[in-house]
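Given the coordinates of chain A, work out where chain B should sit on it, guided by the hints.
There are 2 protein chains.
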Amino acid sequence: MCEAAVFMVDDSGKEDLVLGEVDLIEPTDDGQIRMVSIFGEQKLVRARIKSTNLSEHKVFLSPM
Amino acid sequence: MCEAAVFMVDDSGKEDLVLGEVDLIEPTDDGQIRMVSIFGEQKLVRARIKSTNLSEHKVFLSPM
Chain A
130 MCEAAVFMVD DSGKEDLVLG EVDLIEPTDD GQIRMVSIFG EQKLVRARIK STNLSEHKVF
190 LSPM
Chain B
130 MCEAAVFMVD DSGKEDLVLG EVDLIEPTDD GQIRMVSIFG EQKLVRARIK STNLSEHKVF
190 LSPM
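Top to bottom, those sequences are chains A and B.
Basically this note's numbering = 1-based index in the first sequence + 129.
Basically this note's numbering = 1-based index in the second sequence + 129.
Honestly, the hints are just simulated from the structure, not real lab data.
No residue lacks a Cβ here, since even glycine has one placed at the ideal position from N, Cα and C.
Treat the hints loosely; a few may be bogus.
[Stated by the list, open to error] Here are the simulated PhoX-like cross-link-like pairs (lysine-lysine), alpha carbons at most 20 angstroms apart as the crow flies:
hint : chain 1 : residue 1 : chain 2 : residue 2
1    : B       : K179      : A       : K172
2    : A       : K187      : B       : K179
3    : B       : K187      : B       : K172
4    : B       : K143      : B       : K179
5    : A       : K179      : B       : K172
6    : A       : K187      : A       : K143
7    : A       : K187      : B       : K143
[Claimed, not checked] On the chain A side, residues computed to face chain B include the following (Cβ under 8 angstroms):
hint : residue
8    : E132
9    : A133
10   : F136
11   : L148
12   : D152
13   : P156
14   : T157
15   : L173
16   : R175
17   : N182
18   : H186
The shape of chain A in the complex, shown without the other chains (with noise of 0.2 angstroms):
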């Protein structure tokens, strides 16, 4: 199974977990990413997708 942890970067590089176990991450129409875990949990944050690590389960979002 390929999920992933979704943390937030801050402009220091600090690293908060936003939501564990996602699979989906898609923008919405008022500019916002929605996050859906495998367990259905959703969360919207404003933010934007800054990168991948995939290997380690990691998707790393910015503030917008």
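Frame of chain A, contents of chain B only:
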């Protein structure tokens, strides 16, 4: 192993494979996206990461 096929999605929704078996996707200093596959192959494109569908091992880019 968690890697993904990276597709560029145009305005009509057409998906074009850019690089398969990708592990790292990261921004470059000059505003491009660098992709690195699990085999070490690299590609650069002027785009941003739009969305992910990790259970299908897919990441979607949109042109800048």
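- [ ] Hints the structure violates: just list their numbers, smallest first.
- [x] Of the numbered hints, 7, 10, 11, 14, 15, 16 do not hold.
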